[in-house]
Every structure is written in C-alpha cells, then in structure tokens.
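Please dock the two separately framed chains into a single complex, following the hints provided.
One-letter residues, chain by chain:
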Amino acid sequence: MTWLAMLRSFLGALLRRRRLERDMDSELRFHLEARADDLVAAGLDRADALRRARRELGDPLRWKEQGREARGLRLVDQLGADVRYGVRWLRRSPAFATAAVVSIAVGIGANTAIFSLVNAVLLRLMPVHDPTSLVLLARSDDRPRRASSFPYPFYGQLQDAHTLEAVICRAGFESNIEAGATAERLSGELVSGNYFEVLGVRPHLGRLFTAEDDRAPGGHPLVVLSYAYWQRRFGGDPLIVGQTIRVNAHPMTIIGVTPPGFLGIDLGASPDIRVPVVMQAEMLVSPSRLENPREWWLEIIGRLKPGVSREAAEQELDLSFQRFSALSARDSPQDRRLIVLDGSRGVPNLQNRFARPLLVLSGLAMAVLLLVCLNVANLMLARSAARRRELSMRVALGASRGRVVAQLLVEALLIAVTGGALGLVLARWAAQGLASIALPPPAGLRLEVPMDMRVLAFATTLSVATGLVCGLSSALSTRRTNLVAALSNEGRPVTAGRLLGRKLVVAAQIALSFTLLVGAGLFARTLANLRDLDFGFDTGHLLLLRLDPTLSGYDQAQLVAFYDEVTERVATLPGVRSASLAVTPLLARSSWGSGLTLDTGVHDDRPGPERNAVGPGYFSTVGTPIVAGREFRTADIASGSRVAVVNESFARRYFGGQALGRRIGPGGPQGSADFTIVGVARDGKYAEVRENAAPFWYVPYQQLEQLGQSDTAVRIRRGIWTLHVRTIGNPEAVAADVRRAVGAIDKRVTVFGMRTMQQQISDQLVFERLLAELAAGFATIAVLLAALGLYGVTAYDTTARTREIGVRVAVGATPRAILAMILRQTTTLIVLGLTGGLMLAVAGVGYLRSLLFGLQPTDPVVMVSAALIVVTVTAVATWVPARRATRIDPLTALQ
Amino acid sequence: MANPTELLQGTLDLLILKAISLGPLHGYAVLLRIQQISGEQLRIQQGSLYPALYRLEHQGLIASEWGESENRRRAKYYRLTAAGRRRLKEEVGYWERLSSAIATVLAAAPEDV
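Protein chains in written order, with my numbering: chain A, 17 to 911; chain B, 356 to 468.
For the record, the hints were derived by calculation from the structure and aren't laboratory data.
Where hints are given, some of them may not hold.
Only pairs whose alpha carbons sit at most 25 Å apart, straight line, appear in this in silico SDA-like list of lysine to any residue [unchecked claim]:
| hint | chain 1 | residue 1 | chain 2 | residue 2 |
| --- | --- | --- | --- | --- |
| 1 | A | K80 | B | R388 |
| 2 | A | K80 | B | S454 |
| 3 | A | K701 | A | R824 |
| 4 | A | K701 | A | R771 |
| 5 | B | K373 | A | E85 |
| 6 | B | K373 | A | L20 |
Here are the simulated distance ranges between beta carbons [as the list claims (entries may be wrong)]:
| hint | chain 1 | residue 1 | chain 2 | residue 2 | range |
| --- | --- | --- | --- | --- | --- |
| 7 | A | S416 | B | S455 | 39 to 47 Å |
| 8 | A | A97 | B | A463 | 39 to 47 Å |
| 9 | A | E406 | B | S455 | 26 to 34 Å |
To be clear about the criterion: a stretch of chain B counts as covered by chain A if any three or more of its residues have a C-beta under 8 Å from a C-beta of chain A, and this derived list gives those stretches [as the list claims (entries may be wrong)]:
| hint | stretch |
| --- | --- |
| 10 | 369-376 |
| 11 | 409-416 |
| 12 | 429-437 |
We put the beta carbon where it would ideally sit given N, CA and C, even for glycine.
In isolation and in its complexed conformation, chain B is listed as follows (with noise of 0.2 Å):
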C-alpha cells in the first residue's frame, strides 16, 4: 500500500477516544499519537480533528481542561470520562466484531459461495 489510508466515515471518533484512553492529550498530540499507533498508515486531515473533539465533549464523552504544554504553550487536554470509557469498549466490540464478519466474507473460497 503505496498511500497512507483515508479514513472511514466515523472512524475518527472511535480513534480519538482511543488516543486519550491512555491518559490526557492535547488536540495536536492526539494526532501525533493516531498516526504514531498507526504506523503513519491512516492520514487525517489535520484540522477536522477539532470539531470531532469538540462533538465528543458535547457528547459529554471526554472532557477538556487547559494545562500547559511540554515545552510551556497553554495547551487544552482531553481526557476520557466514564461515559467515554464505556461508549469506547462498545465501539471496540463493534468493530471487531464487523472486521471479522467482513474477514470472513472476503476470505470465503470460490466454492463457499
């Protein structure tokens, strides 16, 4: 695969809320952290990354809160809340249970259909 992956409708949310999972990140190291994990493979567009932040808090599935950077800016860190926790474990468990079924149905033999 030549070119990093666009990414799929409504995946970013789920990637965000994995991103903080692991403990509080401002909006750009969250982007640092996606494409970290994933291998430079997926490409988000740098900018749509805020308002997807800004439906999660709405949604009250992370929080936000200022703090200071590490090389000293002001900088507004997410964390995950419980409801984010759960609703992250929910999606998890959909998309692997999706990936697998689509697995099953490519990896099908030309006589199994």
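So that you can see chain A by itself, here it is in the shape it has in the complex (with noise of 0.2 Å):
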C-alpha cells in the first residue's frame, strides 16, 4: 500500500512538476503571511513582521529541495542535469563525439544485424498458433536432428495416437506450372487436408484447406498459392481465387493465398503453391505412394494434448512405430526407433546448416564491439585526462566522488545509446541483404527478419552494456586523490599510471585485431582452398540447365529422343564446343547411390558406391581425362552391349586398379554384373565441393532401363536431367540461344536451373565467402581500431613527455636516439599485444576446425602474415608522432 501511495505520489510529482513547485511557493507564502499576521497582532509592525517570520522559517530553498527529495525527484533532477550536462559538452567536442558514436554505431549494428538473423533462423517460434506444442517426428537412423521421412501409412496410422492433439504432414515437390501462355518452374508442398488448421493459418484470400479436401487419391484437383507467388505472378489479383492453372501437367483450381507472413514449417524450403497430399501421384508424376508402407518420403508434424509431454509421446509413438515396422517395412534396421524432437521452430533444415556459421560470426561482431568498446574507453581516459582540471573544480565546489562518476557514465551512455540507436538503423538495413547474401536464394529472399522485442532488447543491452564498460573504465581513472591533484599541480597532467592503463587497453586491441586477422585469414585461405581445388573436371566455359519432359507429358520411350534431339541440337549452335547429357548434374548437391553387383559374384549394396548415367561425349564435355581406355560413343548404344565407365578409386577398391573389360552391375536381388567397364575416368567432384575422392561409376543413359527397377530409379528416370554445355566463351553468353534450341523442340518443355559451373561452385561456397568476406571487413575495422589507438597513446606520450625530451635533445640526444626510445616502448606493447593474440588465437580457433578446408587452425601462414599486418599497421602508428618528437626544439621545449 504505501509503495503504492509512494509510486502514485513520485509519478504525480514528475507529470505535474509546475504544479507541484506552484503549491510549495504558495504554500511557504502563505505561511511567511500567517505568521507575520500573528506578529503584528503581537504588536509589530508589518514589514518587522515580514522580516522576522522570513528570519523563523529559514531559507526556503533549502525546504524546497528537501521537498523535492522527500518525493523521489532529486535523482530524478541530477539526472536531468546530467544529460543536459552531457550533451552541452558532445557538442563542445563535435570530432570526438562523432568518432565514438560511429564507431559504437559500427560495432552495435553489426552485432545487431547478426542477431536478427541469428533471431529469424535459430531463435524464433513459428508464426503459428501455439508453436510450442508442436513436435516433429523423426528416425534415430538418419543424421541427428535431420528432418526424417515416413510412408503415407504410418501417417494414417497416427491419426489414432493418444497423445497427439493432431498431426499433420508435408513433403516437397518440384511443380512444372502452367498459367496462361507462360511455364514456369516453382517449388511445390503436398500438404494433409489439415494442415492450414492444424498450424491456425488463415487466409489471405479465398479459402484453404481442409480434411475434407484430403479424401479421394486423385480426387481434389486444388491449390494454394503462397502470398509471394500471387503477388509476383498475379500481382495481387483479388479475382484469382476459382482460376485454373496446371501443375504438372495436371489442371488444378486456385482456392486461396495464404498470408504473408506464412511460410511453411521448414523455413529453408518455402513452397510457392500448396496442393492436397492425395494428389501426389499425379504431382509427382509417380506411381502412388499413398498405400505403399516402403516409400518414405512424407515428414511428420504433431501437435501435443495438453499437458502431455514429449517422452510420453515418444513412448507412445515409438510404440506405434514398432508395431508399423514389424508389420509392413519388412527390411528396415531392427534397432531404428521413432524420436519426438522440438516442432516449435519447424523443420529444422535451415537451422541446421546455418547455426554453425552464424554462430561463428556473432563471435567475430562480439570481438568488433569489444574492440570499438576499448577504443571508445581509450578516447574517453584521453578526454578524461583533459578534464581533469574541470573535474577538480567541481569536486573542490562540492561534488561528491559519486556525482563525478555519475556525470562521466551518463555521457558514455549518452554516446552509447545515441551510437546504438544509429547502429539499429543500420542493421535494419544490413540484416535483410544479410540475408539475401548468407542463406540460399528461396529461403535468403524471403525469410523475414524482423525488427522484433528481442532483437530490439539485444541491441538495447548492448547499448548499455558498452555505456557502462566506457563510461565505467573512465570514471575508474578519476580517482578523488588525483583530481585533487590535479588542482594544484597542473605542470604534469599525465601520472604514469593512468597511461600504463591506456597502454594496456592498446596491447588489448592489438591482441584482438591479431585473432580477428588469423580468423580472416583461415577464412581466406579456406575459400581460396575450395575455389582452387582440383574438380576432376574443367569448370570453366561449362552451361548446365535441366529439363522435365515429363511434366509435358513424355513418356519414357519419347523421353530419350526427345533428349537425344535436344543435345544434337545445343552442340551444333555457334559458340558451343559440345554438349552432353548427365542425369545427375555436377556439383548440385544431389547424388545417386546404388548397389553394386562384381563379376566375382561380390554384391556391395549398403553403401554401394554412387552413379550416374550419362551421354556420349560427357567426359570431354565436361573435361574429365579418361585415364585408361575410352569414353561412351553413340556406336555403343546402336550395338545393344551394355557399357560402364568407372573412376579411379572405382577401379583401384574393386578391381585392383585393373578394370577394364571387367563387368559390373547394379545390386540387389535382380542385380547382374552384364556391364563391361570400357574405360577408367579421373576422380574427381560429383555432389559436393567438400566430399573426399570415393568410388563413382556411369552408364550411357540411353541404358538406364537396364538398370533395375527400385524406387530411386524410378524417381531418377522421370526425367529431370541435365545438358551440360561446353562453351567457346563466356557460357553466359550462349544461355538464350540454348534456351531458343530447346524451345523450338518442344516450347511446352521449361528449361530450368540454367547456370555456370563457376555459379553451381558460387552457391556451394556461400558461407565460406560470406564468412571470409565479413572476417576480413571486421579484422579491417579491427586493425584500423588498434592503431588509432596506439596514435592516439603514443602521441599523447610524446606531447607529455615534451619538457623530458627537450632536455635529452639539450643534453645531446641525437634524434635517432629519441625515435630509438620511442619505438622501443611501442614495441613492448606490441609484442605483448601479439602474444596475447596468439594465445587468444590458439585458444579459439579450434572452435572453427570444422569450417576450415585444406589447413590447420594454426596455419603458420596464416599466423605470421596476420602478424605482419599488426605489426606493419602498428608501426605506422608510431612512426608518425614518434618523428614527431624527434623534431621537438629544446628551446621551445624548455620554455
């Protein structure tokens, strides 16, 4: 009650501050007017009486003021004044107050625009209702917190669980979409029937789904259009909603658009078009999956009954899964086990990627601010130092030791504030190009990353935490005893110790900016490692794009004219030196495993080494020497003999490095080694630019029947394969006429995924250069910070120190001698500075080991040039003033 009173009285007093000084004025008045009234009836006269009762009541400011303070508002005044102070006093300083508000600026917004990304991908919740009851389901035999895959049936199978408020399912699909005269390629979403109102999306137009719209396989030709997609394909339409459009082929409805801010649940993938899961077969163009309890392929999303708790429904679920096993997925491990994982973020894709390098760069950002932080203390001592004959004043008229510490740390965040407020802007504005930069094109492009509490929090934290970190060091070096000093003895304004702490905090910035240089320069080297690597092919002048005849309506029969065609076509445009057909492109990321079946009679089936079916002319299409007899020729495929071409670790694990005219074949049970190696190609890169050399073999694709009939066949020969283009010029260049060539085959047929090898490598490589390109602007920052530092205390030195060397220079020191001097005290504090940052260095690059590529976190390299640039950049720092100095006049000095 009485805090409440309190509060209510310390509020009133601080709204209605005129009033309340108004009252005490008239209420002193009346009692000075009370009183005299009294007097005079005692027999004084009037202006006696006015004067005696002024005498008795005493001065009323002092009165007044413990009024004040009786309400809580003196903190509340000297705050205030402090401020106004403060800001008086940037204003005096324009050059100073730039410098530490921008580089605060600097150090906040990168922090801050970090964070929000950190924020958007790792940290926030689905914009969903309740996403903290959602859960995903996932197989402790794929890859920790992978996103897991299950059949159709066990999904429906869940539909009885207990534990599970709702469930809800999903899996991607590439949608060939036909809207008006225009074919386009766009990422598509199977998704259940409930999904929209499992997840409390509601629409932005029209209507979505619901179980009612999951019934019939086949039966709900309906789909969604994500906002993106309606706003950059229809512009919005209102009247889009009842539409046709075809998907694949497959003419489909248009019932809705979902919200803006709706993505989906995996946050790497965002669909632009939704469609009921029971059409997958003819999305998909496949047979259907709906029935069949071996085809994994759909990811599992529930939602929690209140009160339940993951484990129970583990133990539920894990059950039912068992049951589902034993039944039906007759060749799954025995040891497999369903896991209930965290649903609140979504499909953890995204995250899982980017986590690591994320992380990693919030580490260089943090070292950014602690550096700025050292600087702008620096800056602060140096002005403290200047101010302490004003400090002194103050103490000496009475300002206790609090009020000067106080007045020095509302000015720190004063700057830190003002320069986190400036950081904010900035990150607001580098956070979405972050994004675009760091994450992959859908997911990079569309994320939001919003401006939201947390990240407004962070930054404020921050904010104040580097206010007080400054503002704290500075008042620290005011201590009661010097300021009264400095009073009295203004000759010597500098004491040796505050200087060895300014000292201290350059060997710190130097320690730092050294750490931040080894991690660019790991970073560096690791993408020069990747970009240079020996592909095992030629990567320039080298076109991919890929095609779908499928969706068109090809069948397997037309499917290889149809490509056969489209490659004599491509080879023969001007500009182009060959063309050649892959199943599997290069470099994508997609890979194609296989069982593999030895003319010994030997099966490898689990891991078989990977494949790819080819065309004739593919390996000097893309360049890769073929090391022992020859490659696929069109004569092979006329003759019906069934034909491979294997790599060098292929021919080295299996045959001993002799492989040629042996046979092969794809395992499993129907698996017969009918394909004779003809030749021995290089090792090289196939799926990825990091994996290691390991067997790979091909066949001509024109062969691909022969190759069995399991369901990653299936799903390889739909169709969607890659021309891969070696042009005489720049590929770009090419790029329509191919686009024209095939256009003038089939202009139903979409070509797609049109892009160089040097962008297929580009994309693989988007962390590592996002990672080198940042490490290297904060270590720039970092350096630049550091020697402005070391300017900053060496020329301060050499100034105090003027009379000193006057003297020496008098007694006939020799400039050499001077500079000699000099340099050796900046030394000491460079070295310190290096060993602290290699120890610091040591100590964390190990964290990185993972990220690096082709060199030890302890790069000799690497640490020795970043010890060069310190001690180039350092020695530049002093060399100015330290010349300086050795120009100084004794007589002027002694003056």
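Listed below in structure tokens is the structure:
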C-alpha cells in the first residue's frame, strides 16, 4: 500500500512538476503571511513582522529542495542535469563525439544485424498457432537433428495416437506451372488437408484446405498459392480464386492465398504452391505412394495434447512405429527408433546448416564490438585526462565522488545509446541484405528478418553494456586524490598510472585485432583452397540447364528421343563446343547411390558407390580425362552392348586398378554384372565441393532401363536431366540461344536451373564466402581501431614528455636516439599484444576446425601474415608521432 | 528547564500526525498546534515542518487539499488518511513502550544496578 502511494505520488510529482513547484511556493508564502499576521497582532509593524517571519522560517530554497527530495525527485533532477551537461559537453567536442558514436554504431550495428539473423533463423518460433506444442517426428537412423521421412500409411496410423491432438504431414515437390501462356518452375508442397487448420493459418484470400480436401486419391485438384507467388505472378489479383492453372500438366483450381508472414514449416523451403497430399501421384508423376508402406517420403508434425510431455508422446509413438515396421517395412534395420523432437521452430533444415556459421559470425562481431568499446574507453580516458581540471573544479566546489562518476557514466551512456540507435538503423538496413547473401536463394529472399522485441532488447542491452564499460573505465581513472592533485599541480597532467591503463587497453586491442586477422586469414585461405580445388573436370566455360519433359506428357520412350535431339541441336549452336547429358548434374548436392554387383559375384549393396547416367561425349564435354580405355560412344548404344565407365577410386577398390574389360552391374536381388567397363575416368568432385574421393561409376543414359526397378531408379528416370554445355566463350552469352533451341523442339518443356558451373560452385561456397568477407571486414575495422588507439597513446605520450625530450636533446641525444627510445616503448606494447593475441587465437580457433578446408587452425602462413600486418600497421601508427618527437626544439620545449 | 527542548530525531513526524489527527490543519496551524499542546516546551525549526509534511504525504499517511484560511487566504490543508491513522496508533504505542522502558531504567535505584 505504502509503496503504491509513493509510486503514485512520485509519478504525480514528475508529471505535474510545475504545479508542485507552484504549490510549494504558495504554501511557504502563506506560512510567512500567516506568521506575519500573528506578529502584527502581537504589536510589530508589518515590515518588521515579515522580516522576522522570514528569519524564523529559514532558507525556503533548502526546504523546497528537501521537499522535492521527499518526493523522490532529486535523482531525476540530477540525471536531467547530467544529461543536459553531457549533451552540451559532447557538442563542444564534436570530433570526439562523432568518432565515438560512429564506431559504436558500427559495432552495435554489426552485432544487431547478425543477431537479427540468428533470431530469425535459430530463435524465432514459427508464426503459427501455439508453436510450442508442436513436435517433429524423426527416426534414430537419420543423421542427428535432420528432418525425417515416413510412409503415408504410418501417417494414417498416427491419427489414433492418444498423446497427439492432431497430426499433419508434408512433402516438397518440384512443379512446372502453366498459367496462361507461360510455364514456370516453382517449388511446391504436398500437405495434409488439416495442415492449415492445425497450424492456425487463416487465408489471406479465398479459403485454405480442410480435412474434406484430403479424401479421395487424385480427387482434389486444388491449389493454394503463397502470398509471395500470388504477388509476383498475378500482381495480387483478388479475382484469382476459382481460376485454373496447370501444375505438372494437371489442371488445378486456385482456391486461396496464404497470408504474407506464413512461409511454412521448413524455413529453407518456402514453397510457392500447396496441393493436397492425396494428389501425390499426379504431382510427382509417379506411382501412388499413398498405400505403399515402404516409400519414405513424408515429414510428420504433431500437436501434443495439453499436459502431455514429449517423452510421453515418444513412448507411445515409438511403440506405434515399431508395430508399423514389424508389419510392413520388413527390410528396415531392427534398431530403428522413432524420436520426438521440438517442433516449435519447424523442420530444422535451415537451422542445422546455418547454426554454426551464424554463431561464428556472432563471435567475430562481438570481438569487433569489444574493440570498439576499448577504443571509445581509450578516447574517454584521453578526454578525462584533458578534463581533469574541470572535474577537479567540480570536486572542489563540493560535488561528491559519486556525482562525478555518475556524470561520466551518463556521458558514456549518452554516447553509447546514440551509437546504439544509429546502429539499429544500420542493422535494419543490413540484416535483410545479409540474409539474402547468406542464405540460399528462396529462403534468403523470403525469410523475414524482423526487428522484434528480442532484437531491440539485444541492441539496448548491448548499448547500455557498452556505455557502462566505457564509462566505468574512464570513471575509475578519476580517483579523488588525483583530482585534488590536478588542481594544485598543472605542470604534469599525466601520471604514469593512467597512461599504463591506456597502454594496456592498446595491447588488448592489438591482441584482439590479431585474433580477428587470424580468423579472417583462415577463412580466406579456406575459400581459396576450395576454389582452387582439383574438381576432376574443367569448371570454366561450362553451362548447365535442366529439363523436365515428363511434366509435359513425355513417356519413357519419347524421353530418350527428345533428349537425343536436344543434345544434337545444342551441340551445333554457334559458340558451343560440345554438349552432353547427365541424369545427375555436377556439384548440385544431388547424388544417386546404388548397390553394386561385380563379375566375381561379390555384392556391395550398403553403402554402394554413387553413380550417374550420362550421354556420349560427356567426359570430353565436362573435361574429365579418361586415364584408360575410352568414353561412351553413340556406337555403344546402337550395338546394344551394355557398357560402363568407372573412376580411378572404383578401379582401385574393386579391381586393384585393372578395371578395363571387367563387368559390373546394379546391386539388389536382380542385380547381375552385365555392364562391361570400357574406360577409367579420373577421380573428381561429384555432388559437393567438400567431398572426398570415392568410387563412382557411369552408364549411358540410354541404358538406364537396364539398371533395374528400384524406387530410386524410378525417381531418377522421371527424366529431370541436366544438359552440360561446353562453350567457347562466356557461357552466359549462349544461354538465350540454348533456351531457344530447346523451345524450337517443344515449347511446352521448360528450361530451368540454367547456370554456369562457376555459379554452381559459388552457390556451394556461400558460407565460406560470407565468412571470409565478413571476417576480412571485421579484421580491417579491428586493425584500424588498434592503430588509432596506438597512435593516440603514442602521440599523447610524446606531447606530455615534450619537456623531458627537450632536455634530452639539449644534453646531446640525437634524433635517432629519441626515435629509438619511443619505438622501444611501443615495441613492448606490440609484443605484449601479439603474445596475448596468439594465445587468444590458439584457444579460439579449435572451434573453427570444422569450417576450415585444407589447412590447420594454426596455419603458420596465416599466423605469420597476421603478425606482419599488425606489426606493419602499428609501426606506421607509432612512427608518425615518434618522428614528430624527434623534431622537438629544445629551446621551445624548455621555455 | 529554561530552554525549550530540541526535538528528537524522527519525532517530528509523530507530532505532525498527532496534531492533524484532531482535525484538518494547514502547515502554519500544525506548527501552532504542536507548540500549543506542548505548552511551548518544544521548539521546531519552522521551515523543517514542510519537508516533513511532504514526506508524510508522499508515504500516503496524510492527504492535502487547498482551502481558505480563517483570514481568507488560500491555504493547503492536511488531513490524516486511514493509513496515517494506523501509523499514528503504532507510533504512539511504540513511543509509550520506549518512554516507559527508559523511565524504568532511569528510576532504578543504585542497589538494583
């Protein structure tokens, strides 16, 4: 009660300040007059009575001040005064204020931008109804924390789970969309009918699916558009509902549009269209999987019943899963378990890929902010040295030590908060850009990077912490005794102690900037190593494009004829040297595993080597040398003999290097070794830049049929194949011609994923590049800040020692000796900083090991270069003021 | 006792609460009332009354409103709130216990010590 009354009174006083002051004045005036009245009544004349009344009352200013204090206003008043004073003081030193504010803005801006990305990718819950009760189903046999797939019948079985309130499923698919006259390649998502209801997503336009849209296989040709696609393709046309588009050659009716904030439950995917899962056969152009318990393709998300724990759900669902496996999936490993993961952030594909680089970037940004803090603290130390007389004067006039410290803190906070606000603006501008650079195309562009409360709180905390660190460091240096001494002794404004503090700050800056340079060097070398890698083929002048004729109604027989014609037409285009087809594109993170049968009767089924099916002239087109034998020829197909090419690792592992003439074939029960090896190709990179050399084999794509009927083969044979085009000049110059050539054969077939091999490699190195570039940027800032700090300290030091240097010169010291003296002192500082930095780097870089490629975290080249850069830059930063010191004229100095 | 007694620290609040408990008063009247009740025994520095009044009001023990004084001047009148009445009772009880305890100690005969 009392507290409440006090708060009310305090706020009342704060808000009605003028009235409070007026009331106090009139009350005291009334007192004087009433007292005077009484005194006049007692016989005094009016003037004497008033005078006596005033004397008896005492100093009204004091009572009023105590009155304000009684209402808790004193702190507020002092704070206001400090802020006003601080603003005035900062405006008097604009150079200092600008330098400090801008450097803090850069530090806090960088941190906030990266944090807002961390927030958007790693921290933020999905913007759906009650995300915390969502769970993600996974299998123990999958790689940890990866999205898992399940058969549709298992999803059906889960409908009866007691621990789940609801369960939904999804699967991504690639879609060829014909709307009007144009065809476009987009990402689609098959979802269960209750998907939107369970997630609590409301339509932006029209309606979304309900459980009723999920009944008959193939019977619900409905499509929901994403907000982004609706805006991009249809210009936000409100009359779109009810219109028909063709998705994978299947006419579908648009029934609604999802709201703008909803990207789906996989941040990395963000599909353009959604279709009921029962349309699977039509959308995937494959046999129906809805009844097939051995086709693992759906991701399943459940919503826990209130009060049910994840553990309880896991117990029930795993039991259900074991029952399912026992009945239907006989070939599954025995120890496979179902696990239930937190689903509040959706399917963590994006999170898993980006967590580590984002955290490393956060660490680098923090190091930069720390450096900025040190620099501003250093500037403030220098300022506080210069302000000692002013502060001493305030102490002499009765200000307590606490008041002086408060004043310095308020000033530092003022700088930090201004810098922080500016940094927030910078971050707002940088974050979205950073997202589009850092994340792969669809996610990067569509991911919302909101400046929500968490980001604001982060920036505010950082600003206040920065202010406190800077303010306290300068406040601590103003010991009361120093201040008193400063007034009496103006000859030597600098004490050794204070300069020692500043020198330590500079040493710390050197250490930090060295560490950042090491990080930047490691990432730069990693990137260079990956770029200069031996890919096993020629990465220049190579154009890739993908085609999907099955979506336009081609069947298996027409497919090969179509592709043969495309290859032939493109190969004869001007500017094209050769062209060849492959079922799996190079360096596209897609791979095609297989079992293997050898002519010795040996099977290697799990895990067998990867393979690809390619056209004639593939090896010469991509530039992979054939080290023995020959590559595929058109004549191979005509003769009907089955042929294969293997790589060196394959030849070594299975045939001791002598592979020519041996026979191999697909694995599995029907596998027989009837492909004769006609060539051995050099090892290379197939799916990813970072992969290690592994056995690999090729067959002609015309002989795909002979590879057997495994599910994977069915998928691959769907016919989304990639044409590899070797160009004479810039590959992008022939891109339009290639597109036209394909269109001339059949304009319904869309060309998609057209890119050069260089772009393909770049896409794989997005992180490495981001890390290398940002780390280099951060390191540059760091080195400059450290140089600035060192320059400042040295310049200050030499100025303060002008008299001493003058004496030395007067008694015969040569300029060289003076220079040596000053350089000797800074050398100690640099050596100290480098030693500290080396320890910091060695302690920290172990964490980076997994992000590096082709070098150790303690790479000597990087370490030595970083040290050289630090030494060079700091040497220049000392040299300038040191040179100036040698020119000191003893006569002037000693006057 | 020739001179009026200086006030003990902290007792001013108690006296103000007591003075006002008899009916709403303006600041100057509070002063007069205390001097009158104490038979001019206690001396209060006149101005120090006001910070004390503000403090009590801040704590919600007294409330104030503007009114007209007996000689037609605008004056601020203070009255006791319910919380103030409770506090006064506590303080009086405390003061009585304290003074009787001190009186007992001082009244002790040499042989008791």
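Hints, verified against the model:
1. A/K80 x B/R388: Roughly 23 Å between the alpha carbons, so the hint for A/K80 and B/R388 holds.
2. A/K80 x B/S454: With Cα atoms ~33 Å apart, A/K80 and B/S454 exceed 25 Å; violated.
3. A/K701 x A/R824: Violated, at roughly 68 Å.
4. A/K701 x A/R771: With Cα atoms ~18 Å apart, A/K701 and A/R771 stay inside 25 Å; holds.
5. B/K373 x A/E85: 24 Å, holds
6. B/K373 x A/L20: Distance of about 24 Å is within 25 Å: holds.
7. A/S416 x B/S455: 39 to 47 Å: Cβ of A/S416 to Cβ of B/S455: about 42 Å, so the range 39 to 47 Å holds.
8. A/A97 x B/A463: 39 to 47 Å: The hinted range 39 to 47 Å is violated for A/A97 and B/A463, with Cβ atoms some 55 Å apart.
9. A/E406 x B/S455: 26 to 34 Å: Since the Cβ atoms of A/E406 and B/S455 sit about 58 Å apart, the hinted range of 26 to 34 Å is violated.
10. 369-376: As far as the stretch 369-376 of chain B goes, the hint is violated, because 0 residues have Cβ atoms under 8 Å from chain A.
11. 409-416: holds (count 6)
12. 429-437: holds (count 3)
Violated hints for the displayed structure, listed by number in ascending order: 2, 3, 8, 9, 10.
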